[in-house]
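Undergrad: Here is how the chains run, residue by residue.
2 protein chains.
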Amino acid sequence: MNTSIQSAPPSRGPSDHDVRTQVVEAATEYFARYGYEKTTVSDLAKAIGFSKAYIYKFFDSKQAIGEVICANCLNGMKQAVDEAIADATSASDRFRRMFRAFVDAGTQLFFEDRRLYDIAAAAAREPWPSVQAYERYVEDLVTRIVREGRETGEFERKTPLDETARAICLLMKPYVNPLLLQYNLEGAVDATALLTSLVLRSLAP
Amino acid sequence: MNTSIQSAPPSRGPSDHDVRTQVVEAATEYFARYGYEKTTVSDLAKAIGFSKAYIYKFFDSKQAIGEVICANCLNGMKQAVDEAIADATSASDRFRRMFRAFVDAGTQLFFEDRRLYDIAAAAAREPWPSVQAYERYVEDLVTRIVREGRETGEFERKTPLDETARAICLLMKPYVNPLLLQYNLEGAVDATALLTSLVLRSLAP
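Chains as they are written, first to last, in UniProt numbering: chain Y, 1 to 205; chain W, 1 to 205.
In short, the hints are calculated from the structure, not lab data.
Among the hints, a few may not be true.
Short derived list, chain W residues pointing at chain Y, Cβ under 8 Å [what the hints assert, rightly or not]:
hint, residue
1, I48
2, F50
3, P160
4, L161
5, R166
6, A167
7, L170
8, L171
9, L179
10, Q182
11, E186
12, V189
13, A191
14, L194
15, R201
Since the structure is predicted, the reported quantities are computational estimates derived from the model, not experimental observations.
Don't be surprised by glycine CBs; every beta carbon is placed ideally from N, CA and C.
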């Protein structure tokens with residue numbers, strides 16, 4: 001989406017973009033309080049003080065609003081992971097930090113914003129495009145780290161890169177996918193430490 | 001439980017053991033048709049033609065009946081796994097067959113006895129003693145295979161045995177635990193093949 005500032009013709013009302021943002025912000029707050037599954041667009045419209053028809057001008061459905069909230073949520077997690085791995089000292093270190101950061105970000109979302117977590121879990125069940133994009137992000141990140149380790153000689157190079165990356169993503173999935181993390185929260189930090197060591201052993205040259 | 005044949009005094013009714021078996025068999029059929037969650041002991045009693053009080057003489061609760069059904073179910077899966085690995089030619093081969101057999105047995109249960117699968121999934125959520133015993137079985141089996149591979153020189157010996165076994169069990173959990181398998185059924189066979197190769201790379205000396 002083009003977000004650069006342009007000299008737009010003066011308009012009487014707020015821009016479409018502003019209204020969308022306003023709806024998403026209000027919906028985030030509303031869903032966080034009352035839950036996503038049980039809420040209708042009518043409830044939401046009433047709470048914001050807009051008509052239902054007006055909301056439908058900007059979003060096709062409740063899911064379309066949930067999709068933006070979910071994408072924002074997953075973007076926050078991505079950012080946390082990117083920050084955690086930024087100053088890693090090696091590919092092994094980067095992998096370790098990455099896996100831990102995914103679990104920390106997911107756990108935090110689960111405990112601090114339980115109802116937003118539920119949106120992400122619902123999204124993972126379908127899965128919504130935002131979750132598909134998130135999965136691609138995880139796969140790209142893992143591929144990048146494995147490639148880095150192969151280039152520095154930390155990791156073996158015999159196994160095809162995509163096979164290695166896919167297997168690692170599968171191993172991480174129960175802790176990275178919001179739908180599955182809720183069943184693996186207990187002892188997740190210890191579990192991912194053990195699994196990280198297993199992965200690093202499998203990557204040894 | 002003592003199941004040896006003894007010269008018991010003649011009795012007018014069936015033995016307690018027979019009644020328990022009869023209730024479990026009828027309940028298995030009943031739950032398989034109508035589901036476990038929605039059925040009450042009253043429904044079950046009516047269907048079998050026993051009084052509710054009579055059933056309660058043998059089982060404390062619906063869960064106690066479900067627990068026996070679940071244990072039978074998991075025993076069937078264990079047996080399938082034991083058969084699949086019996087004539088393996090090496091520890092690596094045994095590991096590969098074991099992982100595949102768990103997924104095959106779980107998938108079969110899911111698709112062929114969906115309502116019994118639901119009992120096992122409910123049991124895994126708590127988890128019931130039968131599921132805890134099943135998890136110990138998995139852990140013992142994995143430990144045995146890793147130990148075998150260490151003895152034959154197929155696997156590395158530096159990592160503490162229990163650490164290796166625990167990590168492998170965690171990796172297998174999404175495909176072995178009935179509660180989690182339902183989220184991982186799609187592509188489970190390919191996924192476990194990739195994960196098996198990853199585990200075997202991690203075990204290389």
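Undergrad: Indicate, hint by hint, whether the structure satisfies it.
TA: So, going through the hints one by one against the coordinates:
| no. | hint | result |
| --- | --- | --- |
| 1 | I48 | violated, 34 Å |
| 2 | F50 | violated, 37 Å |
| 3 | P160 | violated, 11 Å |
| 4 | L161 | violated, 13 Å |
| 5 | R166 | holds, 6 Å |
| 6 | A167 | holds, 4 Å |
| 7 | L170 | holds, 5 Å |
| 8 | L171 | holds, 6 Å |
| 9 | L179 | holds, 6 Å |
| 10 | Q182 | violated, 11 Å |
| 11 | E186 | violated, 11 Å |
| 12 | V189 | violated, 12 Å |
| 13 | A191 | holds, 5 Å |
| 14 | L194 | holds, 4 Å |
| 15 | R201 | holds, 4 Å |
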